[in-house]
Amino acid sequence: MRKFDLEHVYESQQFDSELLDIIFNVADEMKKDLAAEQRRYSQVLNDKIMASLFYEPSTRTRFSFESAMARLGGSILTTENAKEFSSASKGETLYDSTKVMCGYADLIVMRHNEPGSAKMAAEASSVPVINAGDGSGQHPTQALLDLYTIRDCFPAVDNLSIAMVGDLKYGRTVRSLSYLLTKYDNITIYFVSPSVCKMDDDIKDYLTVNNVEWKDESSLEKVLPLVDCVYMTRIQRERFHDPEDYEQAAGKYIIDVEQAGLMKKESIIMHPLPRVDEISQKVDNDPRAQYFQQARNGLFIRMALLLLLLGNDIDD
Amino acid sequence: MRKFDLEHVYESQQFDSELLDIIFNVADEMKKDLAAEQRRYSQVLNDKIMASLFYEPSTRTRFSFESAMARLGGSILTTENAKEFSSASKGETLYDSTKVMCGYADLIVMRHNEPGSAKMAAEASSVPVINAGDGSGQHPTQALLDLYTIRDCFPAVDNLSIAMVGDLKYGRTVRSLSYLLTKYDNITIYFVSPSVCKMDDDIKDYLTVNNVEWKDESSLEKVLPLVDCVYMTRIQRERFHDPEDYEQAAGKYIIDVEQAGLMKKESIIMHPLPRVDEISQKVDNDPRAQYFQQARNGLFIRMALLLLLLGNDIDD
Amino acid sequence: MRKFDLEHVYESQQFDSELLDIIFNVADEMKKDLAAEQRRYSQVLNDKIMASLFYEPSTRTRFSFESAMARLGGSILTTENAKEFSSASKGETLYDSTKVMCGYADLIVMRHNEPGSAKMAAEASSVPVINAGDGSGQHPTQALLDLYTIRDCFPAVDNLSIAMVGDLKYGRTVRSLSYLLTKYDNITIYFVSPSVCKMDDDIKDYLTVNNVEWKDESSLEKVLPLVDCVYMTRIQRERFHDPEDYEQAAGKYIIDVEQAGLMKKESIIMHPLPRVDEISQKVDNDPRAQYFQQARNGLFIRMALLLLLLGNDIDD
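Chains as they are written, first to last, in our numbering: chain A, 707 to 1022; chain F, 707 to 1022; chain V, 707 to 1022.
Be aware that a few hints might be false.
Copies of one chain are not kept apart here, so a pair can be met inside one copy or by any two copies together.
Straight line, CA to CA, 27 Å or less: simulated DSSO-like cross-link-like pairs of lysine-lysine [claimed, not checked]: (1) K805 x K789; (2) K928 x K958; (3) K988 x K958; (4) K970 x K825; (5) K921 x K789; (6) K988 x K889; (7) K754 x K738.
Just so you know, the hints here were simulated from the structure itself, not pulled from any lab data.
Whenever a hint applies, use it, and build me the whole structure from the sequences.
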């Protein structure tokens, strides 16, 4: 079988279907190990240090990575103040910051506000760099955990119909997930969004070239009975000039008990979180609601990446 | 003997005298263990993760919990920026934040600005939640460490006279401690405070119903010779409209060498810290000064709670 | 051999040449251990807790200390918000903060904005305190790692010529390093700086008294061929009233490929980092460029200090 041969993880385009399989299989192993009476991997990274270098705070993502590292026995250096590094007044480059950080850690997890920064850091780094979100750029581990959640419910992934709902223009999760879905056969995506935040053409063209069928739809009700998975996202108020437009748009794309009733019995409801009111709390106990499990899956995916990037063999 | 049967710790009213005994006995065991040549408990939680979720910074309380976790071998995820979670702009509920956090940690320590928030989080959480202060609400582990300090000096606790001095209206420590003191017999409390920050009637009524004698006093000098314990608190300048009133009030309730001279030989002086000048630094070397030991006792109490909540049996 | 007998590390003047040798030898041992297949020291501090108490953020220095602690198996409590401790509104003294912190940690690393604060904390503390920079005061571990870097390239240190370039008035690193250089024989220092940020007379007098030869020079080109080591520092724009003066000064003291060409073949280029454009990125691959190694050396020095201060014997 092909080896995991990435040195860094900075964008979704790095993954082909073989790499995805490798990652997901290790994630499955991690999930099993965390539930085991006697854990096999609890100390496997106990001589390794991960640096969480967050140029903007993101407690959720940071905790998910740090929990993954702790579950493998590793140590953590952490900051939500990484901007201090490259402050205008001091003017250090990301290149220099990364060069210094390599001397202190065995792996760097970076959240930065500028697209492309993770790739730049990877080029400077002598240790693996994982992109934990670079502004309007990518958030590849989120895309992996999203796809892992879909695969957990539909192991083949092929032949699925998926609705992506809400802010498809600025929401990087749906963009990154779209890239990954091209690795599977016979996928159909419904893009359901207000007109001000439609999915951009670059993704649509990429899907077309890669044989993924897609359709723009404005009615959520019409799409719900058709899909195996509905992926909700938060619509950001600040995208709208007119508050009334926002109210109308936000109110139009909500999953309440009634909407859930329109969905297939075997379908799933996803959300990258945080949610505002796109999904009613009443839906949380519906067995199709997968968003908290989705967040939890981030742990397995990140444990898998830490293990694979740090070169640990998970076979006996 | 009764088992420790709490799933969470959010308010002082959860404790009865049996639970207090269980906690204090484990705390004694922790104190002994920390002083031992060969520690028995140094790795007992090494497969556990504690998340410090601080919606407002409190280095002292946070370090005390984190030190407790580290002394037991556990891992720590930490943030002083938890507000980012529930920011108005993103609008996530505490319920959702807690649901996500449960997937990453085995126990959550939460400091929040809104009263009742810890209890709300506990209801959402599948792992134990400890309240590390919820605004003007409660700070139950502080009350435990206060009582533990008293018990350390007066093992029976019964029959004591205690002066609570300073800001009794806004200081939650004296309120929480009052609740716990009702578990003991023949306690007398003297409330010594400026008129603008007197102890509220709800506590006084609760004490009366539970057979704790209390008296309002305005003269500290009059009370000092009568009590076994004086519990000083900081008077906050911002409570006073007139700066002169503040100066007068603050200046009236100070323990200097002279005031300490009025106290019984076997009495003790406590303070939840930070102090400003309620207690002169000259008193620090008086053997009756217990406030730094009191802060240190927080470590033993928090180690005990971590062990008990994470279900570890401390008996052989 | 003399024992390491410091309880705290707060200023460069604490070190004599014997202590320097002890520290550097342990640092060498750490460097070797980190590169070893089987590490001997990876768990040696696993029952110890280090508190990083940063009253102002400094991710680089903090991570260097925390990495050192993690590489030795120890636990870490960390804050970049330590100011909350001593906030004007609460008014706690550094003395009290330190007294409390001693109860939670086995060693305190402190970064503070006020000169002398580390020494004050050391006096209050029952556990070792390391100064990680106190305002315009000292940053002794930086001086140690600077000297360690020089010694790594020129083991005897004696007989060296060193140029210190840039902001010599406000840059505490060059001041602290100057103190340490007096421990060696036949050292010559060239001070190369704009007239507004010349090295102060106190250091010059100290050097003279201690038999270190020094010269003021304004031309970098003239000095480069003469020295074994050029220590570049960042010139801070805010020191200059006239922006034009700044441009001229900053532009005058730059190491580009051309300037590097003037230097001896066996010389080295150092910089405490962060750099702005005092050293061109094109010089990074020149084998004489030691600044990233210099940053990395901080790890070995800090591991050595942690071991020595926590009383661990590194001999068999």
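Now the hints, each set against the structure:
| no. | hint | verdict |
| --- | --- | --- |
| 1 | K805 x K789 | within (16 Å within a copy, 30 Å between copies) |
| 2 | K928 x K958 | within (12 Å within a copy, 69 Å between copies) |
| 3 | K988 x K958 | within (18 Å within a copy, 56 Å between copies) |
| 4 | K970 x K825 | neither (40 Å within a copy, 36 Å between copies) |
| 5 | K921 x K789 | neither (41 Å within a copy, 38 Å between copies) |
| 6 | K988 x K889 | neither (34 Å within a copy, 41 Å between copies) |
| 7 | K754 x K738 | both (22 Å within a copy, 17 Å between copies) |
Hints 4, 5 and 6, counting from the list given before, are not met by this structure.
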